[in-house]
Amino acid sequence: DGGITQSPKYLFRKEGQNVTLSCEQNLNHDAMYWYRQDPGQGLRLIYYSQIVNDFQKGDIAEGYSVSREKKESFPLTVTSAQKNPTAFYLCASSISARQRDTQYFGPGTRLTVL
Amino acid sequence: KQEVTQIPAALSVPEGENLVLNCSFTDSAIYNLQWFRQDPGKGLTSLLLIQSSQREQTSGRLNASLDKSSGRSTLYIAASQPGDSATYLCAVSLLGSGGYNKLIFGAGTRLAVHP
Chain Z
1 DGGITQSPKY LFRKEGQNVT LSCEQNLNHD AMYWYRQDPG QGLRLIYYSQ IVNDFQKGDI
61 AEGYSVSREK KESFPLTVTS AQKNPTAFYL CASSISARQR DTQYFGPGTR LTVL
Chain P
1 KQEVTQIPAA LSVPEGENLV LNCSFTDSAI YNLQWFRQDP GKGLTSLLLI QSSQREQTSG
61 RLNASLDKSS GRSTLYIAAS QPGDSATYLC AVSLLGSGGY NKLIFGAGTR LAVHP
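Just so you know, the protein sequences line up as chains Z and P, in that order. Using our numbering, the letters of the first sequence correspond one by one to residues 1 to 114. Using our numbering, the letters of the second sequence correspond one by one to residues 1 to 115.
No lab work stands behind these hints: they were computed from the structure. Note that beta-carbon positions come from the ideal geometry of N, C-alpha and C, so glycine has one too. Misleading hints may appear alongside valid ones.
Said to hold, decoys possible - Lysine-lysine pairs mimicking DSS-like chemistry, simulated, CA-CA at most 30 Å apart:
hint: 1; chain 1: Z; residue 1: Lys14; chain 2: P; residue 2: Lys42
hint: 2; chain 1: P; residue 1: Lys1; chain 2: Z; residue 2: Lys83
hint: 3; chain 1: Z; residue 1: Lys57; chain 2: P; residue 2: Lys1
Claimed, not checked - Sample of chain Z residues lacking proximity to chain P, with all beta carbon distances greater than 12 Å (derived):
hint: 4; residue: Glu15
hint: 5; residue: Asn18
hint: 6; residue: Gly42
hint: 7; residue: Asn53
hint: 8; residue: Ser67
hint: 9; residue: Glu69
hint: 10; residue: Lys70
hint: 11; residue: Ser73
hint: 12; residue: Thr79
hint: 13; residue: Asn84
hint: 14; residue: Asp101
hint: 15; residue: Arg110
hint: 16; residue: Val113
Claimed, not checked - Here are the in silico distance ranges between beta carbons for each label pair:
hint: 17; chain 1: Z; residue 1: Ile51; chain 2: P; residue 2: Glu17; range: 41 to 49 Å
hint: 18; chain 1: P; residue 1: Pro8; chain 2: Z; residue 2: Gly16; range: 35 to 43 Å
hint: 19; chain 1: P; residue 1: Asn63; chain 2: Z; residue 2: Asp101; range: 22 to 30 Å
Generate the whole structure from the sequences, applying the supplied hints.
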């Protein structure tokens, strides 16, 4: 099956902890994205990567970090600097970052701060 | 700054009704507009994508229209079914500052279709 997988589905974090959310795709897509979704709000872009070993900040990158060492993987670390991390996190990928290429979304990870 | 608004925020209808979901955007310089479906606690599924040069797209019981000059799109669902219950998100595509495909999302319309 081709697609995007995210793990874990649910994640709980204590205050002051860093946690890492996994995103893997086997679609051979160059571009990958991380979004955050809060209740009653649209998705907001955290980081994106157009190719391996390259990534750029989105609209709400503060308190987050990413890496792109492999084409199929784009993990997101939520650091202790992120003051309000409780949200639903969605990963997406597209063939490229060009506007004509549709983004495909993973099933999401729900992060809760205890 | 591009903003996307969806009205209504929530909608509850009996099965069989035809319904219209609305999306408006403030900047007409979009590349395309996309409608997504999101089931509770799940990811997004693309329903329809309308290029900026197009007026509408159809898929089964779904029809989406785009009026770029007025900054509006509508998603029409014919003969609604309980299985249509979900949140429907609208997103416009812009050219991001890094030269990438930037999507701006609305907050969604939560639809409940009851038998």
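Here is what the structure says about each hint:
1. Z:Lys14 to P:Lys42: 24 Å, holds
2. P:Lys1 to Z:Lys83: OK: P:Lys1 and Z:Lys83 at ~25 Å, within 30 Å.
3. Z:Lys57 to P:Lys1: Within the cut-off at roughly 18 Å; holds.
4. Glu15: 24 Å, holds
5. Asn18: Check passes; 24 Å lies beyond 12 Å.
6. Gly42: It is violated; Z:Gly42 is separated from chain P by about 3 Å at its closest Cβ, not greater than 12 Å.
7. Asn53: 15 Å, holds
8. Ser67: 18 Å, holds
9. Glu69: Non-interface label on Z:Glu69 holds, nearest chain P Cβ at 20 Å vs cutoff 12 Å.
10. Lys70: Nearest chain P Cβ is 20 Å from Z:Lys70, so the label holds.
11. Ser73: Per Cβ check, Z:Ser73 is outside 12 Å of chain P; nearest 17 Å; holds.
12. Thr79: 22 Å, holds
13. Asn84: 18 Å, holds
14. Asp101: 7 Å, violated
15. Arg110: The claim breaks: Z:Arg110 does not keep its Cβ more than 12 Å from every Cβ of chain P (closest is about 7 Å).
16. Val113: Given that every Cβ of chain P is farther than 12 Å from that of Z:Val113, nearest at about 18 Å, it holds.
17. Z:Ile51 to P:Glu17: 41 to 49 Å: 47 Å Cβ-Cβ, so the 41 to 49 Å window holds.
18. P:Pro8 to Z:Gly16: 35 to 43 Å: 40 Å, holds
19. P:Asn63 to Z:Asp101: 22 to 30 Å: Check passed, 24 Å falls within 22 to 30 Å.
Comparing the model with each earlier hint shows violations of hints 6, 14, 15; every other hint is respected.
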